[in-house]
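Undergrad: Produce the complete structure using the sequences and hints provided.
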Amino acid sequence: MSSGNNNNEVAMAQPPSRFEDVLHVLKRPGALAGDGFDADSGDDVMEMMQDSISLLVIGAGGLGCELLKDLALLGFQNMTVVDMDTIDVSNLNRQFLFRPADVGKPKAVVAAEKVNSRVQGCRVTPKHARVEELSLDFYRQFHVWVLGLDSVEARSYVNSVACSLLEYDEDGNVDPSSIKPMVDGGTEGFKGHARVIYPGMTPCFQCTLWLFPPQTKYPLCTLAETPRTAAHCIEYAHLIAWPRDRPDDEFDADNPEHMLWMFEQASSRAATFGIPGVTPQLTSGVVKNIIPAIASTNAIVASMCATEVLKIVTMCLRGMDNYTMYMGGYGVYTHVASYERDPQCIVCGAGIAIKTRADSTLASFRDALTSDSGGDGALPTDLRGKVTSPSISHGSSNLYMAHGPLEPLTRANLSKSLRELLFAEADMECERRTVTLMLNDKALAAPVRLRVTVE
Amino acid sequence: MIKLFSVKEKAKKESAEAAVTGKKKSSAGELRIQKDISELNLAPGFSIEFPNGTDDLLHFEITLKPTEGYYTGGTFLFGFEISDNYPHDAPKVKCLTRNVFHPNIDLEGNICLNILREDWKPVLSINSVMYGLNFLFLDPNPEDPLNKDAAKMLRDNPRQFEQVVRNGIRRGW
Ligand SMILES: [Zn+2]
Numbered sequence: 001m002s003s004g005n006n007n008n009e010v011a012m013a014q015p016p017s018r019f020e021d022v023l024h025v026l027k028r029p030g031a032l033a034g035d036g037f038d039a040d041s042g043d044d045v046m047e048m049m050q051d052s053i054s055l056l057v058i059g060a061g062g063l064g065c066e067l068l069k070d071l072a073l074l075g076f077q078n079m080t081v082v083d084m085d086t087i088d089v090s091n092l093n094r095q096f097l098f099r100p101a102d103v104g105k106p107k108a109v110v111a112a113e114k115v116n117s118r119v120q121g122c123r124v125t126p127k128h129a130r131v132e133e134l135s136l137d138f139y140r141q142f143h144v145w146v147l148g149l150d151s152v153e154a155r156s157y158v159n160s161v162a163c164s165l166l167e168y169d170e171d172g173n174v175d176p177s178s179i180k181p182m183v184d185g186g187t188e189g190f191k192g193h194a195r196v197i198y199p200g201m202t203p204c205f206q207c208t209l210w211l212f213p214p215q216t217k218y219p220l221c222t223l224a225e226t227p228r229t230a231a232h233c234i235e236y237a238h239l240i241a242w243p244r245d246r247p248d249d250e251f252d253a254d255n256p257e258h259m260l261w262m263f264e265q266a267s268s269r270a271a272t273f274g275i276p277g278v279t280p281q282l283t284s285g286v287v288k289n290i291i292p293a294i295a296s297t298n299a300i301v302a303s304m305c306a307t308e309v310l311k312i313v314t315m316c317l318r319g320m321d322n323y324t325m326y327m328g329g330y331g332v333y334t335h336v337a338s339y340e341r342d343p344q345c346i347v348c349g350a351g352i353a354i355k356t357r358a359d360s361t362l363a364s365f366r367d368a369l370t371s372d373s374g375g376d377g378a379l380p381t382d383l384r385g386k387v388t389s390p391s392i393s394h395g396s397s398n399l400y401m402a403h404g405p406l407e408p409l410t411r412a413n414l415s416k417s418l419r420e421l422l423f424a425e426a427d428m429e430c431e432r433r434t435v436t437l438m439l440n441d442k443a444l445a446a447p448v449r450l451r452v453t454v455e
Numbered sequence: 001m002i003k004l005f006s007v008k009e010k011a012k013k014e015s016a017e018a019a020v021t022g023k024k025k026s027s028a029g030e031l032r033i034q035k036d037i038s039e040l041n042l043a044p045g046f047s048i049e050f051p052n053g054t055d056d057l058l059h060f061e062i063t064l065k066p067t068e069g070y071y072t073g074g075t076f077l078f079g080f081e082i083s084d085n086y087p088h089d090a091p092k093v094k095c096l097t098r099n100v101f102h103p104n105i106d107l108e109g110n111i112c113l114n115i116l117r118e119d120w121k122p123v124l125s126i127n128s129v130m131y132g133l134n135f136l137f138l139d140p141n142p143e144d145p146l147n148k149d150a151a152k153m154l155r156d157n158p159r160q161f162e163q164v165v166r167n168g169i170r171r172g173w
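For the record, the sequence lines run as chains C and A.
Just so you know, we're using full-length UniProt numbering here: the first sequence kicks off at 1 and counts up by one.
Just so you know, we're using full-length UniProt numbering here: the second sequence kicks off at 1 and counts up by one.
Take these hints with a grain of salt, some might be off.
Said to hold, decoys possible - Computed cross-link-like contacts, DSS-like style, restricted to lysine-lysine with a CA-CA straight-line distance of at most 30 Å:
hint, chain 1, residue 1, chain 2, residue 2
1, C, K288, A, K92
2, C, K217, A, K92
3, C, K442, A, K65
4, A, K94, C, K442
5, C, K191, A, K121
6, A, K121, C, K288
7, C, K442, A, K92
8, A, K94, C, K217
9, C, K217, A, K152
10, C, K217, C, K191
11, C, K27, A, K3
12, C, K386, A, K121
13, C, K288, A, K94
No lab work stands behind these hints: they were computed from the structure.
TA: Here it is in structure tokens:
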């Protein structure tokens, strides 16, 4: 083949890598770099990002589309995106990976296809599912989880999964290899936040649940008798008219017929009381408790999140510590707050290590916890004085409730062995297992987690 | 924060180590309701049932037999549903006894009790809700009506209200 013509020479010149700009960051030392960052191995770090790191992106909506695009263009190539929703025509103004022809298809599937076809080398795997449907083993395979969710419930769930994957050594120190760092973004109109969570080390979602104020609830009697606003009429249709008129139908906010019914009920009620302003948009906003999404807020928050993922994986910069709020309604304002863990958090607390034997009865295990003489099976001194009559649960099973209506119903368990109560037949051969039990006592403000090693 | 991934270890491909995951993860709501129930003080007149057994505390039924006030002698059943987000979210409580004539309860069993909606706070508990319900039956409030007819009658003609309530109790609410 001839190499004399100009066209070929142009083609043979080495084009700059698509990730040249990221490499500039990864190959440059600096005072603000994170612990263990080595600028000399920038190329290897890039290769690690591309080949061995896999990210879990939860949510393929307004934030999710931005996140996938940002992460793909940073050079992350292995991603799985989870979303339970299908594309609605009202998503198209901001969820830019979707086109009119995609309406009705699963968001995760279309988002993955679009990113894979636009960014060479990127392999996004879609998962059209609810976060609750996925197994712990599914979650465990990813190195960093990126959350672009719009509900407190889903965040709370994912957070509890991340905390449940934590493993501890004998001294109660968290095993770093069991930590799944989470980067969480959220937007509401012109406001948003980005945060970084190292479960077991920095405040988890539950530690700072107060950051999410409960949604506004109107008194039922106002809704029923003295509605004054369009939202009152919609809440009336939602909370009172639906269960009254359609008691056998489970209301589904994603079902267009249900939403139309809701809108019509709310409109007729608004007409009765002479209240203006009930629209289909407001109806769905009130019923789903959503505030209109702003594309630019999503873009800004997603870019903060994607940058944090890059920092966590490469240590090229010290990461955000640990929460940034963004207010874009009146000018631009951001503030970084370093929140603290809730030492009594029932989700991310390390808990107390206790040793016991599989053949102890629940009663003797319980006595040992509060025993004056201390020992392996006893609570630490500060708790031993306070806890006098503990109740003990294992997951959902309430092994013994020391007070109240369940005491007589759980009393028979006191004489059973831990082997019988905690392990299924198949597990009985294991020599040593660790189980998490929850202890409640009137003297304690919150449940205490026990990491019980059974021998 | 700490360095979790290093080039040398090639961010060790997570072995799907056959960790026995054991029991399903309890939600924060479930953990908290265990605490509430383990400390429940049933005031006189109250009883509680767990239709799905002692391991499902997210659904239960509370029976109130008022010992004072207009509703003395009646038996009122309430269904409680606790969400995974409890106590961030209030428990959902419905009066399961049908057609109760009460200013703050409608015929579908919706209850107008401030702490179940606008005044719910995570520091409240199932005990607080039971106090609230007890109070509602001791002292029905015609100012915040959910059943207009009952409220109007209680305000304008308490004797007649009392009679209607008596009849209802006799018919076996
Ligand atoms: Zn926590």
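Undergrad: Does each hint fit the structure? Answer for all of them.
TA: Okay, the hints, checked on the actual structure:
1. Taken as a hint, the K288 (chain C) and K92 (chain A) pair is honoured in the structure, with Cα atoms around 17 Å apart against an allowance of 30 Å.
2. Distance check on the hinted pair: K217 (chain C) and K92 (chain A) sit about 13 Å apart at the alpha-carbon level, within 30 Å; holds.
3. This hinted pair checks out: K442 (chain C) and K65 (chain A) have alpha carbons roughly 27 Å apart, not beyond 30 Å.
4. For the hint linking K94 (chain A) to K442 (chain C), the alpha-carbon distance of about 28 Å falls within 30 Å, and the restraint holds.
5. Taking the CA atoms of K191 (chain C) and K121 (chain A), the gap is about 24 Å. The hint holds against a cut of 30 Å.
6. Distance check on the hinted pair: K121 (chain A) and K288 (chain C) sit about 21 Å apart at the alpha-carbon level, within 30 Å; holds.
7. For a cut-off of 30 Å, the pair hint linking K442 (chain C) to K92 (chain A) stands: about 25 Å separates their Cα positions.
8. The hinted pair formed by K94 (chain A) and K217 (chain C) meets the criterion: a straight-line CA distance of about 16 Å does not exceed 30 Å.
9. Restraint check: the Cα-Cα separation between K217 (chain C) and K152 (chain A) comes to about 25 Å, which is no more than 30 Å; the hinted pair holds.
10. Restraint check for K217 (chain C) and K191 (chain C): satisfied, since their Cα atoms lie roughly 21 Å apart, inside the 30 Å limit.
11. In summary, the hint linking K27 (chain C) to K3 (chain A) is supported, as the alpha carbons are separated by about 17 Å, within the 30 Å threshold.
12. Distance hint between K386 (chain C) and K121 (chain A) is fulfilled; the C-alpha atoms sit about 26 Å from each other, no more than 30 Å.
13. Under the criterion of a C-alpha separation no larger than 30 Å, the hint pairing K288 (chain C) with K94 (chain A) is consistent with the structure, at around 22 Å.
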